[in-house]
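Use these hints to put chain B onto chain A, whose structure you have.
Spelled out, the chains give:
Number of protein chains: 2
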Amino acid sequence: MTTLTTTDPRTGTSRDTDLTKTGAEEVAAITEHASAAFAQLHEQPRSWRAGLLRALADGLEADRDGLVEAAMSETGLPEARLNGELSRSAFQFRLFADAVAEGGYLEAIIDHAGPTPLGPGPDVRRILVPIGPVAVFGASNFPFAFSVVGGDTASALAAGNPVVIKAHSSHPVTSQRSFAALERAAAAYGAPAGTFGIVYGQKAGSALVADPRIAAVGFTGSLSTGKILQRIIDERPTPIPFYGELSSLNPLVITAGAAAARTAALGEGLFTSVTGSAGQLCTKPGLAFVPAGAAGDELVADVVSRASAAGAQTLLNARIHSAFDEIRSRLIGDGQARSLVAPQHGDAGFSLTPGVLEIDAADVTAAVTEEAFGPLVVLVRYRSIEEIRTALQAVPHSLTATIHSTAEETQQRAALTEAVTPLVGRIVYDGFPTGVRVSWGMHHGGPWPATNTQHTSVGVTAIRRFLRPLAWQDAPADVLPAELRDGTVDLPRRVDGVLQLAGS
Amino acid sequence: MTTLTTTDPRTGTSRDTDLTKTGAEEVAAITEHASAAFAQLHEQPRSWRAGLLRALADGLEADRDGLVEAAMSETGLPEARLNGELSRSAFQFRLFADAVAEGGYLEAIIDHAGPTPLGPGPDVRRILVPIGPVAVFGASNFPFAFSVVGGDTASALAAGNPVVIKAHSSHPVTSQRSFAALERAAAAYGAPAGTFGIVYGQKAGSALVADPRIAAVGFTGSLSTGKILQRIIDERPTPIPFYGELSSLNPLVITAGAAAARTAALGEGLFTSVTGSAGQLCTKPGLAFVPAGAAGDELVADVVSRASAAGAQTLLNARIHSAFDEIRSRLIGDGQARSLVAPQHGDAGFSLTPGVLEIDAADVTAAVTEEAFGPLVVLVRYRSIEEIRTALQAVPHSLTATIHSTAEETQQRAALTEAVTPLVGRIVYDGFPTGVRVSWGMHHGGPWPATNTQHTSVGVTAIRRFLRPLAWQDAPADVLPAELRDGTVDLPRRVDGVLQLAGS
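Protein sequences, first through last, are from chains A and B.
Residue numbering for the first sequence follows numbering that gives the first Met the number 0, beginning at 0 and increasing consecutively.
Residue numbering for the second sequence follows numbering that gives the first Met the number 0, beginning at 0 and increasing consecutively.
Bound-form chain A, shown alone (with noise of 0.2 Å):
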């Protein structure tokens, strides 16, 4: 009754486990366990976390084979996608090694005694400190690099932090496989057990957020479901962060002169980049405007020839494949838009060829501008830089947003940038918003409902979110960090307002 399944999304066919929905006790015996974790990592130094880091990369690539494998039965994403997320991953882990080592993602801060014009300040130092065990929730169409081994998880790690997973339902048999790589590589490294730990089942999630113990939640997934894991931390006698990644349509436009002079590479990229991982990221380029006008035409035509030419590709799961249509409906139902491309479903499975559908400017209202998860883009037709920015207005706000123009067409970019810059995270220029770069400036956030608060759940700035301040005052050394005492230290610090490097 507890045994969990799992779905061949290519057959739709669905076989049972060895893994059982985890109940509310072993739920709480786990998140004691990563209590205690917490303190016993709490006395590491951070070159010893930054080779924890390193040790669960190299873990993970050790079993790069079996994890790709169950992954690829278990989402129904291309063997080639999967390896390339892994390695993502891996990548991940290493950089967050590099900001640990670096130390500057600690803030440091040192006032020293001294007066003031309010008469005589006390010595303050401040730093960042790790916030508690963090409940990290797996996404769908990430396998790796939002799930198990994913950027919550290095991030809550990175900052010093137990981490308790709550599996995905789409791919069970990949976390399970997932989590082992990772608590192996950390047993072997000699991290206190109770660093890692991980649940099964919708219950278990909602227990593991009610949890007293758990001190934050990391989230990517729908809106819906973001809201309901919102309503039980509003329940709780103690409130945490949660940080939750929820929807996104990114709207890309395409300028006049842009369209006439990259006719067909804009068409190519942006089939593209709708289509690759069947449409199911969180920056798919939903909503693309091109302009009216026979440059505009040709380019729609060009999409158009590519979906109708288009096999079937596979969805993640029975809900994405059903809601797919259900949603595509809606935005034919409730406004004006008109079908260029229907999809056709394949031959087995959760499979289907992508859709394209055209609507004017004017016609953009809320009703149709909802996020269709798969390979479905909306073309947006506009006559003037004006409409497109009351088109915007009905336009939830997203993650990226993305502009494309040509050299000369400055006036255009400055307006459509100056359009975009309130409602998004980030702004591409003359390429596409899917494949984000895990750098250390990245930011993957936006504005409500993008994201929930003002953090990223990609790049190194991500650990912001599993650290809170604190300050000593007046504090002997023996009390403080290594990386607030006097003399010279590892770590670039502001001294009485001075930002120095590390070394100094």
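The hints are simulated quantities; they were obtained by calculation from the structure and are not laboratory data.
From a predicted model like this one, the values you see are computed outputs, not experimental measurements.
Among the hints, a few may not be true.
The list treats identical chains as one, so a pair stands whether inside a single copy or across any two.
[What the hints assert, rightly or not] Computed list of lysine to any residue pairs in SDA-like fashion (alpha-carbon distance at most 25 Å, straight line):
1. 226 - 22
2. 202 - 321
3. 202 - 220
4. 226 - 447
Relative to the frame of chain A, chain B by itself:
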């Protein structure tokens, strides 16, 4: 009917002001103005905004006498205290001007395009941008430093946002006069109209928080009002960040060694900290752990003798005055607390003398850990560090904890530091938590219910609350902010993972 009254707490007498409650339409007009100002502020460079902050400091000091006089008649706080608070507010604007000019708060990051282990990476540049018009709720206990001209206003404006203030009903005239000083200085400097707005009345405050143009809320006040504001935010179609500083008991521990070595000094220091500003400070040490035994007894006797001899102090308003009695009764009635000094009501207005309660550490339960805003301290008698640790589990998380020990008591200090670290945002050694230094590294925040986020409301890093990250990918220089262009810049940046100082 919508005329606002003001009350002199020294006499309890109310009089009409020439201010009225702000109607719903007026609130909307004010936030509309703020929206327009936001776009204009955005066009100005950092140096301009630093200048504006300095002009505000000057403008505030130019009306010092009138402002202090207004505040005296509305708060009952003494002239020296109010003069100090005004100086603090002016200093705060100037410190934030320095921070804006320095630019490190922008967390600028540049990742150049280039090969990565995952293939070619795009150019990614990230900076923090202002979030939008901010609603600031004035606090009753700081008519300047946490009200119209306070830290939330300074940090929201430093970030580049217009500010709309909800005046506290305890000091409407001071609020209006503070606002006039800001508006005058801002206009003379050339800031856009709408950079500042102000609303009066509880309904106007609710309308402000619900207003779609408001992008964040800063609040210092009670947990109960904080929860009401959070509920309004939860009902918005677009939830926004809410920064609440909500309550704090600020446990203070005196070790056996410290009690013996510095008995009288600690008695005096504790009494002064508890009764400063009539105990109406969010960092008042409400719970002081004093060792059992002779030295502790002597320290308690010292505090008792000071409290018994003390004259009446004036509380801020009728609500605080009556709540103080109620809470004190609850602490005695619900728990095992013994009254050592019972507060006496003064002759006029909202006045009373200080109170001292005593309780055994073993009897500390949630029932006796309610914050009593006013001159009351609960002395907790303990026999072992373990008893303190257990008692602290019943104490709600706080802004601060304080540890008094001798130089030799390294083990006790380490154990106490470890015990309080998860519970607070600042640890004070051999001093007192009241008198929060406004500096680069100050942290004034703590785990729930001290505050509801991982941010501070005092010190330079308070600016972070009113900023959000924005990234540009493969952007032509013409759309990038000056801070993210290649070449030498006037702020620190992280370039390809390496932190560089300004001028690099």
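Now the hints, each set against the structure:
1. 226 - 22: Intra 23 Å, inter 33 Å, cutoff 25 Å: intra-copy only.
2. 202 - 321: This pair counts as within: shortest intra-copy Cα distance 23 Å, inter-copy 46 Å.
3. 202 - 220: within (17 Å within a copy, 36 Å between copies)
4. 226 - 447: both (12 Å within a copy, 21 Å between copies)
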